[in-house]
Structures are given as C-alpha cells and as structure tokens.
Amino acid sequence: MATCLCDVFFDDVAAATVEVLESLGCRIAVPEDQTCCGQPAFNAGDWPSARRVARHTAAVFAGTLPVVVPSGSCARMVEHGAALLFEGASRSDAAAPSSLASRAWELCDFIVNGLGVTRWGGRHDATVAFHRSCHSRGTASGAAVRALLGSIDGLRLVDFAEEEQCCGFGGAFSIAFPRISRAIGGAKLDAVAAAGPDLLVSGDMGCLMHLEGLARREGRALRARHVAQVLRDALRAAPPGAP
Amino acid sequence: MSREPIDRFAAAQSDERKASVREGSKAGYDARRMALGRDHEDTDALRRLAGAIKQHVLDHLDEYLERSALALEAHGVSVHFAADATSARDVVTDVLRHRGARRVVKTKTMLGEEIDLGAHLESRGFECVETDLGEFVVQLAHDRPSHIVKPIIHQSRREVARTFEANGLGDYDDTPEVITRRAREHLRRKYLTADAAITGANFVSAESGRLVLVTNEGNSRFCLAATRCHVALVGIEKLVPRDRDLAVFLNLLARSATGQHLTVYTEFLRGPRGPAQPDGPDEVHVVFVDNGRSEILGGDLREVLRCIRCGACLNVCPVYRQASGHAYRSVYGGPIGAVVSPLLGADRRRSLDFADLPRASTLCGACHEVCPVDIPLEELLVRLRDRGREAGAHASGGLSMAGWSLLASRPAAWRAALAAGAVVDVLPRPLLPGPVKAWGENHALPPWRGGRFRAWLAARGPR
Numbered sequence: 001m002a003t004c005l006c007d008v009f010f011d012d013v014a015a016a017t018v019e020v021l022e023s024l025g026c027r028i029a030v031p032e033d034q035t036c037c038g039q040p041a042f043n044a045g046d047w048p049s050a051r052r053v054a055r056h057t058a059a060v061f062a063g064t065l066p067v068v069v070p071s072g073s074c075a076r077m078v079e080h081g082a083a084l085l086f087e088g089a090s091r092s093d094a095a096a097p098s099s100l101a102s103r104a105w106e107l108c109d110f111i112v113n114g115l116g117v118t119r120w121g122g123r124h125d126a127t128v129a130f131h132r133s134c135h136s137r138g139t140a141s142g143a144a145v146r147a148l149l150g151s152i153d154g155l156r157l158v159d160f161a162e163e164e165q166c167c168g169f170g171g172a173f174s175i176a177f178p179r180i181s182r183a184i185g186g187a188k189l190d191a192v193a194a195a196g197p198d199l200l201v202s203g204d205m206g207c208l209m210h211l212e213g214l215a216r217r218e219g220r221a222l223r224a225r226h227v228a229q230v231l232r233d234a235l236r237a238a239p240p241g242a243p
Numbered sequence: 001m002s003r004e005p006i007d008r009f010a011a012a013q014s015d016e017r018k019a020s021v022r023e024g025s026k027a028g029y030d031a032r033r034m035a036l037g038r039d040h041e042d043t044d045a046l047r048r049l050a051g052a053i054k055q056h057v058l059d060h061l062d063e064y065l066e067r068s069a070l071a072l073e074a075h076g077v078s079v080h081f082a083a084d085a086t087s088a089r090d091v092v093t094d095v096l097r098h099r100g101a102r103r104v105v106k107t108k109t110m111l112g113e114e115i116d117l118g119a120h121l122e123s124r125g126f127e128c129v130e131t132d133l134g135e136f137v138v139q140l141a142h143d144r145p146s147h148i149v150k151p152i153i154h155q156s157r158r159e160v161a162r163t164f165e166a167n168g169l170g171d172y173d174d175t176p177e178v179i180t181r182r183a184r185e186h187l188r189r190k191y192l193t194a195d196a197a198i199t200g201a202n203f204v205s206a207e208s209g210r211l212v213l214v215t216n217e218g219n220s221r222f223c224l225a226a227t228r229c230h231v232a233l234v235g236i237e238k239l240v241p242r243d244r245d246l247a248v249f250l251n252l253l254a255r256s257a258t259g260q261h262l263t264v265y266t267e268f269l270r271g272p273r274g275p276a277q278p279d280g281p282d283e284v285h286v287v288f289v290d291n292g293r294s295e296i297l298g299g300d301l302r303e304v305l306r307c308i309r310c311g312a313c314l315n316v317c318p319v320y321r322q323a324s325g326h327a328y329r330s331v332y333g334g335p336i337g338a339v340v341s342p343l344l345g346a347d348r349r350r351s352l353d354f355a356d357l358p359r360a361s362t363l364c365g366a367c368h369e370v371c372p373v374d375i376p377l378e379e380l381l382v383r384l385r386d387r388g389r390e391a392g393a394h395a396s397g398g399l400s401m402a403g404w405s406l407l408a409s410r411p412a413a414w415r416a417a418l419a420a421g422a423v424v425d426v427l428p429r430p431l432l433p434g435p436v437k438a439w440g441e442n443h444a445l446p447p448w449r450g451g452r453f454r455a456w457l458a459a460r461g462p463r
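Top line first, the protein sequences correspond to chains C and P.
Position 27 (the first sequence) corresponds to 27 in the numbering used here; numbering is contiguous.
Position 260 (the second sequence) corresponds to 260 in the numbering used here; numbering is contiguous.
Quick list of simulated restraints, FRET-style, between CB atoms:
1) C:GLY88 to P:PRO462: 36 to 44 Å
2) C:THR118 to P:ASP425: 40 to 48 Å
3) P:GLU16 to C:GLY63: 57 to 65 Å
4) C:ARG119 to P:ASP44: 24 to 32 Å
5) C:HIS80 to P:GLU165: 49 to 57 Å
6) C:GLU218 to P:PRO430: 20 to 28 Å
7) P:ALA45 to C:GLY88: 25 to 33 Å
8) P:PRO433 to C:ARG27: 36 to 44 Å
9) C:THR118 to P:ASP174: 51 to 59 Å
10) P:ALA412 to C:GLY88: 29 to 37 Å
11) C:LEU115 to P:ARG157: 55 to 63 Å
To list a few chain P residues with every Cβ distance to chain C over 12 Å, as calculated:
12) GLU16
13) ILE53
14) ALA69
15) VAL95
16) PRO176
17) GLU177
18) LYS190
19) GLU207
20) ARG221
Partial pick of chain C residues on the chain P-facing surface, computed with a CB cut under 7 Å:
21) VAL30
22) ASP46
23) GLN165
24) ARG216
It is worth saying that the hints were derived from the structure and are not from the lab.
Since the structure is predicted, the reported quantities are computational estimates derived from the model, not experimental observations.
C-beta: ideal position from N, C-alpha, C; glycine also.
Full structure from sequences and hints, please.
Encoded structure:
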C-alpha cells in the first residue's frame, strides 16, 4: 500500500519501500486501483464517507498476502480505525476490512517482526533524530525503526527533548487550527534542532511534510527523510557482500 | 483566519500565560513519568487493571450505587440522589438551611465547579469560602479554574501577589512562602467560624461506604475538624467495589496527577463522629450527582466515566499546552474535557455549544497513553466528531468529505486527479483550492508529483 501522500507527493518514498522489500527477497505487487486508507474522512468525523473509502481499499487489497505500508498512520487506520467504522456492521460488510486489518503491517514492523530481520547493515554517515509518529504509539514500529537504523554503519541516533510530543499535523487539524498546529510544530523543530542531527527521520510522511513545510516557510534548516529512504540509501552505499 | 474558537483563543493569550501553562504542564508530565517509572515495573498493566476495575463498576453501576448507599446509611450518613445540577444545588441548600448554617468552608471539588455550587450559595446569602489555595486565589480574582488539579496553572505568582494585594491580604509580595502564609492565616479564621463544610470525594468504597479524600494542603482536615456538618458531593461514577481496590487507585492517582507517591493527606471517612471522637461532623450528607452521567453510561462513549480526574491528559496534550484550559470554555479542559463537556448536564443544547471541542485534537493519543484508567480518549474524540456530524454541527466547522470519498473510491477518477493535480504548482495563490491555500499560510507546499511512483513502477517492468 503506497499511501495517498506518496502517490501524490512523495514518489521516492514509495519507490524506496519497494526496493527495501525487494532487497529482502520479497516480490511486490502494487494494485493500481489503490487510493487512500480513508483516514482523512475518519478523522474529520465523516464516517459514511470514510466507510466508502475503507470498503474500496479493503476490496483492492483482498486476498491472503501481507499488506505493507510505509506509514504508521495508515497502518493504524486499516488495523484499528476501520474496526470502529464497521462496528456493528453485518458480517459480510465487515469481513473485508477485518481481513485487511489482520494482514496489514507498518514497513519496519514487517521487516523486524514479520520477516525477523533485526539488523539492516549497509552504511549511512549521519546523525539521525527519529520522530516516532503518534499513530505508532503502543505498537512495535518505534522499536523496529530504532533497531534497523541503529544497525547501520556510520549512523548515530540522537535523542531529543519531549519525544512523546506530537508534531502538530493531525491532518485537517493543521488547516482548522493553524496557529496551534504551527506552535506545536515549532516546539518540535526547536527540540530537534537543539539535538543537532544531520537528518530528521520518521516512518510517516504526514509528520515530515508538516515539519518540512513549516521549516521551509520559516527559512529554517531541516533535512528530513523517510526511514525507507535511509534504509535504501544505506544499501546503495554499501551493498551486502561488498568488501 | 481560523473559525475555530480554541485556535483563536490560543493565539490571543499573553506570553506570560502561555509560559505558565507550558511550564506547569510539562513539569506535571515529567513528574508523573518519573514517579510511575520508578515505582512500577509495568505501568501499563497497572493502568489497564485500574481501567478494568472502573469499567466493571460502570457496567454494574446500579448495583454498586445501591450497595454504597446502604453501607453509608449503616454508618449514619444521609444519602441523597440528584438528577441534575439544579437539584444537586437544591439538596445542598436545603441541608444547610435545615442546619441553620450560614458560613461554609469548601474544599476543591470538580463536581462543585460543574454545578457551579459556590456562586449559587453566595447568591442565596451563604458565605462560601474556598480553602484549597488555588481555588482560593480563583475566588479572590473572580477567575475560573483552568486545570483539573492545578486550578491556577495559568497564573504566575506575580499575578497571585497582585490579587492578594487587591484583596487586602498584605502589600505586594510574590514570595511563595509569603503568599501561602497569608492564605493560611486568612483561612484559619474562616475554619473557626464556619458552620458547615462541603467537599467532593475522590472515591467511595461500595463495600464499606468509606469516602476517600485526597489533598495536599490539609484543608479538608481543617474543614472537617472545625465544623459539625459535612456535605460531600459525589459523581455517581466515583465508586470502587471494595476497600482493597483503593490500593490500585491511590497508587495511580497522585503519581499521575503530580508525581507524588501519595498526596500529603489521604483521608478515609466513615460517617459522623462516634462518641469517643472529640472532633468532626455529627451530621454527614452524601449527594450522589448524575447530571448527564447515566445517559453517557448507555452510549458508546461510556469509558469516559472511568476518569479519576488526575489531569495527566491535560499535562501531556500538545493542544492544551498551547491553548490552556480556559480555551475549552468548560470546567473540564484538555482531552477529557473535550469528550465530557459536550456530554454532561441536563441541557442537550450543550452538546452543540461544545461541538468544536472534539475537533481540538491532533488525535495523537498521548492522553490515552498516560491515562491511569486507560480511557481511549483519541477514539472517543473521533466518535464524538462523527456524532457531531450526525447532529448537524457541520455549519459550525465540521468537514464533509463526501466529494473526496467519491474520488478515493473510483480508481480511474483518482488516477486522473493525480495527473491533473500538478496544476496546483503553477496556479497563482488566490486561485488555489481552499484547503491548499490554508495549508500554504503556514507551510511551503511540497511539489506535486502525482502519478510519478506509478510511472516508475511501469518503467522498470515486472520483477
């Protein structure tokens, strides 16, 4: 599942996801009828619209294969949000979303806990601050990302203050509550900048699009990468088997 | 310019206020994490246990209420039930009148705030003195509490010192020790002349009828030692099954609220004083207040009634930290307030008045993560958003995503839009679609690359 954000803005993240999974021996199918997980309408409280999209997504990803998505937020939506949408629905209506929920994985969770790959290797010379997206709270994704990044030669993870705090994006929240959203994002940018990393890495492009957009508008320096890009770049810099 | 009242309120706050709220809530969050992490191996297991106990009580509330009432009455307590704020205020007023009481001392009670008891009593000719320091300052300043456990988190000590000076409590001095000494001297005189005491209750054991009150200032002890009539306001959701369950909740409450192991005072009260006790009330009333709670109990937001009013969800909430409690226009602010404020009260119009509150969240779930009774607050917030749409609150800011959902469920249309969207990059700003323009107020827009990933896949062919 490529996610609507990657489909629209961040094609390199989706491509990196494909390459990362292929490097592990996976064969990737990308159903071309996919659109979005339905979360924008779910969060906006327009659940009839969200159900329509969630039904479509569940149909597109029907079957028995694992469904991997480079976003903790979309993973959370298909795993948990859809269950709320179809609570009390007839068994036939809830079957496809429930099947998708049972097969969906956030990318790094899939690599570490699905495939059992706990060391990534390769090389990436950078200090990295990792922003664990809020929708990965209480899941195995955060630890999985840290394990993979931490095993890359030359890459050093740095902590920053108030890591539990949200970036302030919240989808439509950032449009409806622009000043609060900007202030929360500003606090996050300050905390990250104080740690002085070369890169800000996250498993969610929503957070990074917000933080990067704020930083660029305010003329602040920020280099942000999705974790899939970092994993791919590490492989390119030092392919397995190279001396 | 946002239409959201909470966003406008946040932007209009003074820097001094913002700093007070931010520092106070961050300190609360840090203290909580230290205290829980140090003392409990698996904090989440404890939170889930507490949540399960509270949920069990809620699922059998009729039974536990009856058991509590019998246990309380067996120890000489008069038990009253009040369906709404008006009847709760009437019960209290009647008790005080019957007793011939005129001067009342009061401890901090969120339920008292919810039914606006203090102002009501003053308007009926009673003197009603708040004895919790924060609430005392609020009363002097004609302010409103802005946080569940730290009512004046929004005020700096300079503001407090100015209030004391304006109320004849000495010349301006913002030394904390001076402020507390002056409050103490003033309040001691009030205890000695008071006729009755009003408190809340943090818990009631259905098994024994014990009321549990936690405070840090000892003010409830003074209230109960100095007066002969005690009225306790208790939300019907405040019950725990047995005395031993209190161990779970007392372990969590102070740690979650202030990072203390226990509050300085934890009182277990069981009815009027016995013949061997020199002090204490000879008349005790418990008023169980519903005020919308039983209606919540029957719906899909019932978990919100587990709340033990610790304030941890406010402290961690990024939106609360920017907006402060007053932004929520309700006694209860922050995530818990955004869920419970539209639901409480007898007046159904309230849910429309507060329809914007559930939108004031990034749905980050930090509130759920710290909640000592495991309330899935972010889930309840989205449920309320859906309910707000059903209730027709669209006009006040709810979003219809119908157009978007049609696009996102028709693959051919979606692909066409991916290609057409590139127009966004070249349109002049005034012609941009509304949401894109609004986003662009604060953000540099990422370049439109719709369809590029699909083209890349197609170009490299099957693998």
